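Go ahead and model the full structure; you've got the sequences and the hints to work with.
These protein sequence lines map, in sequence, to chains A and B.
When we follow numbering that gives the first Met the number 0, the leftmost residue of the first sequence carries the number 0, and every step to the right adds one.
When we follow numbering that gives the first Met the number 0, the leftmost residue of the second sequence carries the number 0, and every step to the right adds one.
Please keep in mind that the hints were generated in silico from the structure rather than gathered at the bench.
Predicted, not measured: the structure shown is a model, and the values here were computed from it.
Mixed in with the good hints there might be a few duds.
Straight-line distance between alpha carbons at most 20 Å, and here's what the computed DMTMM-like set of lysine to aspartate or glutamate pairs gives [as the list claims (entries may be wrong)]:
hint : chain 1 : residue 1 : chain 2 : residue 2
1    : B       : Lys-118   : A       : Glu-25
2    : B       : Lys-118   : A       : Glu-112
3    : A       : Lys-107   : B       : Glu-145
4    : A       : Lys-306   : B       : Glu-174
5    : A       : Lys-167   : B       : Glu-145
6    : A       : Lys-107   : B       : Glu-174
7    : A       : Lys-306   : B       : Glu-184
8    : A       : Lys-111   : B       : Asp-108
9    : A       : Lys-51    : A       : Glu-14
10   : A       : Lys-306   : B       : Glu-24
11   : A       : Lys-126   : A       : Glu-140
12   : A       : Lys-81    : B       : Glu-157
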Amino acid sequence: MSKRKSKETSSVNGECISQVQRILRERFCHQCPNGKLFGVQLQYKHLLELLKRTTIHGESNSALIIGPRGSGKTMLLNHVLKELMEVKQVRENLLQVHLNGLLQTNDKIALKEITRQLQMENVVGDKVFGSFAENLAFLLEALKKGDRDSSCPVLFILDEFDLFVHHKNQTLLYNLFDISQSAQTPVTVIGLTCRQDILELLEKRVKSRFSHRQIYLLNSFDFKQYLKIFKEQLSLPTEFLYKPFTQKWNKNVQSLSEDRTVQDVLRNHFHCSKDLRSLHMLLMLALSSITVSHPFMTGSDLLEASKLYRMDSKANIVHEFQKFIQRKAHSMYNFEKPVVMKAFEHLLQLELIKPIEGLSVRAQREYLLMKLLLDNNQIMDALQVYPNCPTDVKQWATSSLSWL
Amino acid sequence: MPNFEHPEYPEATLLHLESMVPCRESQVSSLLSVFGERQHFSFPSIFIYGHTSSGKTYVMQTLLETLELPHVFVNCVECFTSRLLLEEILTQLQNLSSENKHGSHVPCDTFNDFVRLFKQEIITQELQNQTVYIVLDKAEQLREMEANVLPGFLRLQEMTDRNVTVVFLSEIVWELFRPNTGCLEPFTLYFPDYSIVCRDLKELRHLAALNFTKYCEPVVRGEANERDTRRLWKNIESHLKKAMQTVYLREISSSQWERIQQDDGEPGHLKGLSAHAHVELPYYSKFLLIAAYLASYNPARTDKRFFLKHHGKIKKTNFLKKHEKTSNHLLGPKPFPLDRLLAILYSIVDNKVAPTANIFSQITSLVTLQLLTLVGHDDKLDGPKYKCTVSLDFIRAIARTVNFDIIKYLYDFL
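Here it is in structure tokens:
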């Protein structure tokens, strides 16, 4: 009887843990649109206002959202769009075109993608257009529905905006900003980029058509807010099925955020990189240690995750350096020159050394001047960790590197 | 009781997995915990790095096949252009659950098309509820393709809005991969070396297979028993040394090596490929080569001291000795004009040498043999410059055959 009961509770726990993992993993890895936003209220309002004006009042506009990697640009935009879609008028009328600089690498592909996303392939058919501008004008003209005078508002979202500026003549950008200034159709162009100097990359004629409206996301929260974000990100939503578990879990999270070790771990992390994406990665690593037998997160989980997250990669790889050092050591390993060359080439392959650029390419292999891509501390660390290192190699390295 | 614990997979599978990946338990358990359950999301990208033969490819393949996770495995050296790579991924994806293992070839030009076709394929294969893994081996080749391929794969989960994780396997550290304007950082995992004698499993296996029979010989001959490692080692040591010079450097093939083993007990002189580089040169060519070597490795200002009958003494003063940073032999050969070569030649050959066409044609043959190289444009007829590209050992051997003491004439050995 009791066995069955314990089996039930354990199976409940198994299912429960699985659901917890599912929700939190989606939150950390996949940026689900139900997540919360932190510290960007002003920007949120600004963007929402802008888009409302386009979609409801029919004004054309353009804006750039600028922020370092992982600061939440795409998330912000998605949140605003979600709120906007709750208005019936918008839901029925707004057309969205999502372009990405990594995918549409030239203007031709971009135009095809625009046609496809506006679902106008059969309208365009086999028509051949003289220029980009003509094609785009045709598309927008065709958006006018039968009896309406005005056409639907179109929202162009350009992710990785800084990649579009490298296209030939910046044609796509020129035309998009042009129609956002002049055309009858209400068009808004929103660009997302990580480069703060993006305006200098725009051509003069493109820049003059841009409204110069910039929204900055600068991760401007301090450590106290960071702790709060940590707590909120790790907590389970109150609608979660297994209520008693949720309460225990959230209480655990609360105590974690007050624990000294956890705060130290988070502070180290905060000083390295403030952005939320790296916080998510840390939490994801800690989350992967949660199982049925270990249902609540502890400080040591976070400590382990932190160690896993920031391993110094080069110190691991430098072990190969040993073979190269042995050439000079007067030890019983008398290696012939070709053997040393093979080891040297292995180092080259691992990219620990690199030939200096710009020198004559026709120099012989043995005489190419190389540059070492490590510094002395990394070499010393590697020597400490390397098992079975011959003592004379260690001594030689210590004597020649220590005075530096 | 397996070391791996996972709610989803039965114990038998996990035990089997454990037996197939010795010494890699901690890496595999990290990967297992990161993967999570089948339908859960995982990191959008994972970067695994470690030395040659540290087991990355093997462990990844074993893990994915044993747990029967839907995956695509591509080698970036085989598919060295982006088009080949993308088409290979799509083709393998098609074959994942179809009975007909030879699916039709899917043409895919750009990354844009790839994302679209990938999304469609996931729906056709009904894989929306499971994580699909794309494993890219030898990922360092991705840096040679178009600039959008690597960042695109790092963000594939976001761009396709599907449950997919891309795993990169490479020998090179992540810092050398990172694009200039940043990207979505992957989760990095390191595979440390196996802690046995030779760090290169492939080489070890190769050499061990070849030499094991020799190693066992004394035991077979009844001289020592199995535990007598010291004696076995003594026997094998000289043998391994020879092996290092030949098979390790791939100078003779393994079949040749095995044949030599079988033939005799005393290996004798093993002629590797590099031994065949020795050439027989005519008399004047040898002197030309010696003159070229001297011209390349001696600075021009010291010619007076070596080659004139009545020269002033050039002593290396203390000042020079202190400030001589590197010997010319470390820096490599320097180019010299034809006139200097001929001047040195006249002074080192005993009898008179006439500058006939014969001499000049011998210079050209030396260039063809790649013992000299022409520096600069070959259309400069009146002042060609050459460089001597032979090593010190080679030139000493040549000088010995004409009884010429070259060391006396080299500035570095003053």
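**Asked** Are Lys-107 of chain A and Glu-174 of chain B close enough, with their CA atoms no more than 20 Å apart?
**Response** 34 Å, violated
**Request:** Given the hint that Lys-107 of chain A pairs with Glu-145 of chain B, test it: the Cα-Cα distance must not exceed 20 Å.
**Result:** 17 Å, holds
**Proposed proximity, Glu-25 of chain A with Lys-118 of chain B (alpha carbon, max 20 Å)** = 19 Å, holds
**Prompt:** Regarding the pair Lys-306 of chain A and Glu-184 of chain B, is the alpha-carbon distance no greater than 20 Å?
**Reply:** Distance ~16 Å between Lys-306 of chain A and Glu-184 of chain B Cα, so the pair holds.
**Item:** Hint consistency between Lys-81 of chain A and Glu-157 of chain B [alpha-carbon to alpha-carbon, up to 20 Å]
**Value:** The hint holds at about 17 Å.
**Message:** Would the hint linking Lys-126 of chain A and Glu-140 of chain A be met if the CA-CA limit is 20 Å?
**Reply:** 15 Å, holds
**Prompt:** Keeping to a limit of 20 Å between CA atoms, is the pair of Lys-167 of chain A and Glu-145 of chain B held or broken?
**Reply:** The given pair, whose Cα atoms are some 17 Å apart, holds under the 20 Å limit.
**Request:** Would you mind confirming whether the straight-line C-alpha gap from Lys-118 of chain B to Glu-112 of chain A stays at or under 20 Å?
**Result:** 15 Å, holds
**Prompt:** Given the proposed pairing of Lys-111 of chain A with Asp-108 of chain B, does the C-alpha separation stay at or below 20 Å?
**Reply:** 14 Å, holds
**Message:** Would the hint linking Lys-306 of chain A and Glu-24 of chain B be met if the CA-CA limit is 20 Å?
**Reply:** Satisfied, since the Cα-Cα distance of roughly 18 Å is no more than 20 Å.
**Prompt:** Straight-line Cα separation of Lys-51 of chain A and Glu-14 of chain A no greater than 20 Å?
**Reply:** Measuring from Cα to Cα gives roughly 43 Å; hence the hint is violated.
**Request:** Given the hint that Lys-306 of chain A pairs with Glu-174 of chain B, test it: the Cα-Cα distance must not exceed 20 Å.
**Result:** At roughly 18 Å apart (the allowed maximum being 20 Å), Glu-174 of chain B and Lys-306 of chain A satisfy the hint.
Hints 6 and 9 from the earlier list are contradicted by this structure; the remaining hints agree with it.
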